[in-house]
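Put the complex together from the two separate chains, hints included.
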Amino acid sequence: MTTAETIISYAVWLALVVLCVSFLLTVWRVIKGPTLPDRVVALDMLTGIVIGFIALIAIRTGFTLYIDIAISLGLVGFLATVAFARFILSRGNREAPKGDMMKTFTASVPEPRRKSAARRPSGTGPAVRRKAKK
Amino acid sequence: MMDILLAAITALLILGGAGFALVAAIGLNRLPDLYTRMHAASKAGTVGSGLLLLAVGVHAGDLPTFARALAGFFFFVLTAPISAHLLAMAAHKVGYPLCAESVRDEMKDYDKRI
Chain F
1 MTTAETIISY AVWLALVVLC VSFLLTVWRV IKGPTLPDRV VALDMLTGIV
51 IGFIALIAIR TGFTLYIDIA ISLGLVGFLA TVAFARFILS RGNREAPKGD
101 MMKTFTASVP EPRRKSAARR PSGTGPAVRR KAKK
Chain R
1001 MMDILLAAIT ALLILGGAGF ALVAAIGLNR LPDLYTRMHA ASKAGTVGSG
1051 LLLLAVGVHA GDLPTFARAL AGFFFFVLTA PISAHLLAMA AHKVGYPLCA
1101 ESVRDEMKDY DKRI
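Residue numbers (the numbering used here), protein chains in the order written: chain F, 1 to 134; chain R, 1001 to 1114.
In isolation and in its complexed conformation, chain R is listed as follows (with noise of 0.2 Å):
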């Protein structure tokens, strides 16, 4: 009863790490600028890979190898902030424009207030 309990976590985590990496590729098809498409990439996909990472964890049963999973978790929830920030930053200080949709741009003057 115990095992069917945990392969059913185990289950329920791969899919839904399978289907936020769906829905991120989706977006990224979807949307129609690069700073809306950053959205899709740094949150669903990072969700995606991490909750696929914690299934492996649950699978396997013992601590070590689960503390091992959910650092790797932390590492992916951590960096793909920085990165798309970076991103997004480097891409709107060049001029990438937004689309035409958009309906403010807080760092439009971004240069002359600093």
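If we strip away everything but chain F, and leave its shape as in the complex, we get (with noise of 0.2 Å):
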């Protein structure tokens, strides 16, 4: 192993290292981040960070092919901020005020219908109704 091999090497083992500890990071925002826009910022993130991996990878096994790739997600990350700009703007701000998870889940469930489907028990349609009025 020449000297410069060892360089590159050593400088590859570090970088994976710091890029392993700053994946971990940003998934942590994702999965604490308060809001939808915050998740989506950090989702940016991670892509950038994934390239930043692939092109590692493409220096340790010498592929340049790996470049395309990169290239390409990148353009599947651009597309998919664009398209959730696109979906925060149309959904508009029904964020729970203390953001929790759960509770955003749980708030998108739709509300009429399942009170319209319980108020109105099996059997009881309204020609049922009408004959047991009379």
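Please keep in mind that the hints were generated in silico from the structure rather than gathered at the bench. Wrong hints could be hidden among the right ones.
To be verified - Here are the simulated DSBU-like pairs of lysine-lysine, each with C-alpha atoms no more than 30 Å apart in a straight line:
(1) Lys32(F) / Lys1112(R)
(2) Lys1043(R) / Lys1093(R)
(3) Lys1108(R) / Lys1043(R)
(4) Lys1112(R) / Lys1093(R)
(5) Lys1093(R) / Lys32(F)
(6) Lys1093(R) / Lys1108(R)
(7) Lys1043(R) / Lys32(F)
To be verified - Here are the simulated distance ranges between beta carbons:
(8) Lys32(F) / Ala1008(R): 36 to 42 Å
(9) Leu65(F) / Leu1006(R): 39 to 45 Å
(10) Asp68(F) / Ser1102(R): 39 to 45 Å
(11) Leu1063(R) / Ser72(F): 17 to 23 Å
(12) Leu1006(R) / Phe63(F): 26 to 32 Å
(13) Leu89(F) / Glu1106(R): 42 to 48 Å
What the hints assert, rightly or not - Covered stretches of chain R, going by a simulated chain F footprint (3 or more residues, C-beta under 8 Å):
(14) 1010 to 1022
(15) 1029 to 1039
(16) 1048 to 1059
(17) 1069 to 1078
(18) 1093 to 1107
If you're wondering where the values come from, they're calculated on a predicted model, not measured in any experiment. Positions of the beta carbon are idealized from the N, C-alpha and C atoms, including for glycine.
What follows is the structure, encoded as structure tokens:
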């Protein structure tokens, strides 16, 4: 192993460790992030970190074809972020005031349909009720 | 001698890219609200992945690979501000609040002005 290969090898190992730490920190923001745009920003950042991982694998293995994969992953991440921005714009602000993941999940259940289904038990449609009145 | 110089430049690019990614991740966790977190993610994060791509191009040592890596770098640098602006604009228009330490909000009456 020549000196140049040793330098590259140590740098790639250190960078892999650093990228792992930053990946975990970003995942923590995705889990914790109080609102939906916070999570979208963190997912965009995750795409960038994964592009960095792909570049490091390209250096380690020597396959330069990985650059094309990284570019296409960046394109997909950009389109996903644009689509999420449109979704946030059309959805409006209906986050719970104290951001809680479970609260936002349960709030998205359609309220009126559930209520009307509970009000009408089976077997007592309009016709049956009219007969019962007579 | 030449290959050691090339390896040193590549190692510098690799470590710089990883450091920028780490700074972006720390900023994403430490900054107070959505709009300041966007600074960390869209500036430092983009530079981090772009420097790592440039490191691949320098390490390969031939011109087509370096040109492709440079194209990828410019692609990321061009698309990151677009997506960040779209997301910030959508979040601000919908009404996600700024943090309490914010000094001014230039887009407060944006809908009334246009």
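Hint check results:
1. Lys32(F) / Lys1112(R): Since the Cα atoms of Lys32(F) and Lys1112(R) sit roughly 35 Å apart, the hinted pair is violated (cutoff 30 Å).
2. Lys1043(R) / Lys1093(R): 22 Å, holds
3. Lys1108(R) / Lys1043(R): It holds: about 24 Å lies between the C-alpha atoms, which stays within 30 Å.
4. Lys1112(R) / Lys1093(R): OK: Lys1112(R) and Lys1093(R) at ~12 Å, within 30 Å.
5. Lys1093(R) / Lys32(F): Holds, at roughly 23 Å.
6. Lys1093(R) / Lys1108(R): 9 Å, holds
7. Lys1043(R) / Lys32(F): 22 Å, holds
8. Lys32(F) / Ala1008(R): 36 to 42 Å: 39 Å, holds
9. Leu65(F) / Leu1006(R): 39 to 45 Å: 21 Å Cβ-Cβ, so the 39 to 45 Å window is violated.
10. Asp68(F) / Ser1102(R): 39 to 45 Å: 42 Å, holds
11. Leu1063(R) / Ser72(F): 17 to 23 Å: Because 22 Å falls inside the window, the suggested range holds.
12. Leu1006(R) / Phe63(F): 26 to 32 Å: Between Leu1006(R) and Phe63(F), where Cβ atoms are some 19 Å apart, the hint is violated.
13. Leu89(F) / Glu1106(R): 42 to 48 Å: The hinted range 42 to 48 Å is violated for Leu89(F) and Glu1106(R), with Cβ atoms some 19 Å apart.
14. 1010 to 1022: Coverage by chain F holds here, the residue count being 9 at a Cβ distance below 8 Å.
15. 1029 to 1039: holds (count 4)
16. 1048 to 1059: This one holds; 8 residues, not fewer than the three required, reach chain F with a Cβ under 8 Å.
17. 1069 to 1078: holds (count 5)
18. 1093 to 1107: holds (count 4)
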